[in-house]
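Protein chains: 2
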Amino acid sequence: MSILITGAAGFIGSNLAKTLVDDNKSVIGIDNLLRGSLSNLNSILDNTNFKFFKEDINNYGSFKDKVKNIHLHDPVTEVWHLAANSDIPAGIADANVDLTYTFMTTFNTLKLMKDLKVSVIAFASSSAVYGDHGKNKLHEDMGPLFPISNYGAMKLASEAAISAAVESDIEKAFIFRFPNVIGTPATHGVILDFIKKLKNTPNHLDVLGNGTQQKAYLYVDELIDAMLLIRHKSNEKINYFNIGANDAGVTVRFIAEQVVKVVSPNAKINFGDENRGWIGDVPQFSYSIDKLLSLGWRPKISSSESIIKAIKQILINENI
Amino acid sequence: MSILITGAAGFIGSNLAKTLVDDNKSVIGIDNLLRGSLSNLNSILDNTNFKFFKEDINNYGSFKDKVKNIHLHDPVTEVWHLAANSDIPAGIADANVDLTYTFMTTFNTLKLMKDLKVSVIAFASSSAVYGDHGKNKLHEDMGPLFPISNYGAMKLASEAAISAAVESDIEKAFIFRFPNVIGTPATHGVILDFIKKLKNTPNHLDVLGNGTQQKAYLYVDELIDAMLLIRHKSNEKINYFNIGANDAGVTVRFIAEQVVKVVSPNAKINFGDENRGWIGDVPQFSYSIDKLLSLGWRPKISSSESIIKAIKQILINENI
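Here the protein sequences line up with chains A and B, keeping their order. Just so you know, we're using our numbering here: the first sequence kicks off at 1 and counts up by one. Just so you know, we're using our numbering here: the second sequence kicks off at 1 and counts up by one.
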């Protein structure tokens, strides 16, 4: 029996694949390697429990054939669907990006599951499905859901397609609404941005927005721990959970200061005027993880500790 | 200045087009005529204030060219996007149906609006975005939103794409969450089904489900009246409203009895065992229209009166 991971060479997919293979699970990884990288999977590429295919899910016939070949003698029992565009501003500039990589990948993954009769999906959704609720705490059952980015819109569209599929073809769905996840191998994100900027101009760091944007950050190991706990402890038809740090988060100013401290201690930090960095960026939100806490999960480190740990790991990973 | 209506030859689109043209508005109608029919527009086809194009929105280049030609000398100031698949069971059998006709039509309509800089959209959404909340009253701000049909899923996906567009390209959106709308020219629906069945077998009427499913029904004239009132009275960036009758609705048994009474008074009605008619059918729900009532709108007739009126009108329209 195998577990299929889409987006397996990406930031979160590669960490999940390693965790499952280390736990002696048989894993099939699929990735189009547009944003993911094979080097992220170096430690398990030779493991007999891991099979990797470079394939685009939207190239449906070929995607299906590759999975089916394995499925026939080693049945796929569940799919962890993590493939998505991860560049939110790119999706705002061109709506086709999130349509294609964030939504159609889900649509075609559900099609595969129907065709091969795979009954369990675990899906990487996002806090972006909620849109901007000001300072109201975001909890799983709140509405209305009006995302302010195409990324959030296509994650919500994916959730909707999954919930319709649960009514007809699929037995069980796990929907994880991610917060900002940090760690390695980072492909994007505020920490990597700041490090790169400081490498270019060690004397100053220009920050989009006024630095007061505050968000909770979760270290990737914690995220995977939480997802696996939900997978094993929750038993509804649709199991939907916010995942996040158990605190109010940290400001962009804090992150900028921490990166400067380690990378270029004498750099001057210049802030902008706006309280959001780009269209589609939610300026501030607090995230309820009460539902997840009620399953018994506790994050082991805080948002601020996660930021400090991620800065160190990214610097090691990027050989800086 | 023109108003563009997509799905203009359909049940609701044709009624809306007639109402706007009668009000001396300049209207452009687009329809692929897959489910809509040109005969629905007979009374306005020769009106100089109305222009009709047979075109599929997903045939984007040609769709855009046709609208742009008019837009250059008679600017389109708003789009009423009503084009969608209206056959829910067809969309459950094949997820491509609602992807193509319910969601991609919205995606491409938004693309057109961005390309031509049209800033106001009015969108025909659906109570199906809510999914099954048991006996809880459905209000606009409730969650979670887990539709149980691909139709509901792709309506929710459309809402999400619109809300993301409001953040970047569009100024204002009106989202109308329709109940069951009845009247003429009906292309589908429970009343037409029952009439057709009785014409085939006048001695008996077989009903899917046990007849206890209860829903509110709104006559199409009332729906259009409510939409236009919302359009003129509500002034948020995203104006989202349930529209419906101001009552708990009627059962399938009531509808069956009313149709039998008029069409074939001696027919025996046979009910099924289940409390839902088909996968994706929500068995019972009550629908809050408090937000709409607070704008000052009142339905002029009840669900049961609407059913009786619709039976009469459909029989006239179908020449039965």
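No lab work stands behind these hints, which were simulated from the structure alone. Please note that a few of the clues may not be correct.
Simulated pairs of lysine-lysine, DSSO-like, Cα-Cα distance not exceeding 30 Å [to be verified]:
{"no.": "1", "chain 1": "B", "residue 1": "Lys172", "chain 2": "B", "residue 2": "Lys51"}
{"no.": "2", "chain 1": "A", "residue 1": "Lys237", "chain 2": "B", "residue 2": "Lys137"}
{"no.": "3", "chain 1": "A", "residue 1": "Lys291", "chain 2": "A", "residue 2": "Lys199"}
{"no.": "4", "chain 1": "B", "residue 1": "Lys172", "chain 2": "A", "residue 2": "Lys135"}
{"no.": "5", "chain 1": "A", "residue 1": "Lys135", "chain 2": "B", "residue 2": "Lys25"}
{"no.": "6", "chain 1": "A", "residue 1": "Lys135", "chain 2": "B", "residue 2": "Lys237"}
{"no.": "7", "chain 1": "B", "residue 1": "Lys137", "chain 2": "A", "residue 2": "Lys172"}
{"no.": "8", "chain 1": "B", "residue 1": "Lys111", "chain 2": "A", "residue 2": "Lys111"}
{"no.": "9", "chain 1": "A", "residue 1": "Lys197", "chain 2": "A", "residue 2": "Lys291"}
{"no.": "10", "chain 1": "B", "residue 1": "Lys51", "chain 2": "A", "residue 2": "Lys137"}
{"no.": "11", "chain 1": "A", "residue 1": "Lys291", "chain 2": "B", "residue 2": "Lys25"}
{"no.": "12", "chain 1": "B", "residue 1": "Lys291", "chain 2": "A", "residue 2": "Lys172"}
{"no.": "13", "chain 1": "B", "residue 1": "Lys237", "chain 2": "A", "residue 2": "Lys137"}
{"no.": "14", "chain 1": "A", "residue 1": "Lys137", "chain 2": "B", "residue 2": "Lys135"}
{"no.": "15", "chain 1": "B", "residue 1": "Lys137", "chain 2": "B", "residue 2": "Lys25"}
{"no.": "16", "chain 1": "B", "residue 1": "Lys25", "chain 2": "A", "residue 2": "Lys137"}
{"no.": "17", "chain 1": "B", "residue 1": "Lys51", "chain 2": "A", "residue 2": "Lys135"}
Note that the structure is predicted; figures quoted are calculated from it, not measured.
Open item on the list: Would the hint linking A/Lys135 and B/Lys237 be met if the CA-CA limit is 30 Å?
Closed with: Roughly 19 Å between the alpha carbons, so the hint for A/Lys135 and B/Lys237 holds.
Open item on the list: With the threshold set at 30 Å, check whether the alpha-carbon distance from B/Lys111 to A/Lys111 stays at or below it.
Closed with: holds, 26 Å
Task: Holds or violated: B/Lys25 to A/Lys137, with C-alpha atoms at most 30 Å apart - done: Violated: B/Lys25 and A/Lys137 sit about 44 Å apart, past 30 Å.
Open item on the list: Does A/Lys135 sit within 30 Å of B/Lys172, going by the straight-line distance between their CA atoms?
Closed with: Status holds; Cα separation ~23 Å.
Task: Given hint A/Lys135 paired with B/Lys51 - CA-CA distance at most 30 Å - done: Outside the cut-off at roughly 47 Å; violated.
TODO: Would you check the hint for A/Lys291 and B/Lys25, treating anything up to 30 Å between C-alpha atoms as holding?
DONE: The given pair, whose Cα atoms are some 52 Å apart, is violated under the 30 Å limit.
Task: Agreement of B/Lys51 and A/Lys137 with the hint, judged by alpha carbon distance not exceeding 30 Å - done: Violated, at roughly 48 Å.
Open item on the list: Does B/Lys135 sit within 30 Å of A/Lys137, going by the straight-line distance between their CA atoms?
Closed with: holds, 26 Å
Open item on the list: Holds or violated: B/Lys291 and A/Lys172, Cα atoms, limit 30 Å.
Closed with: violated, 35 Å
- [ ] For the pair supplied as a hint, B/Lys172 and B/Lys51, confirm whether the alpha-carbon distance does not exceed 30 Å.
- [x] Measuring from Cα to Cα gives roughly 25 Å; hence the hint holds.
Task: Restraint check for A/Lys237 with B/Lys137, where alpha carbons must lie at most 30 Å apart - done: Holds, at roughly 22 Å.
Task: Proposed proximity, A/Lys291 with A/Lys197 (alpha carbon, max 30 Å) - done: violated, 38 Å
Hint compliance for this structure: hints 3, 5, 9, 10, 11, 12, 15, 16, 17 are broken, all remaining hints hold.
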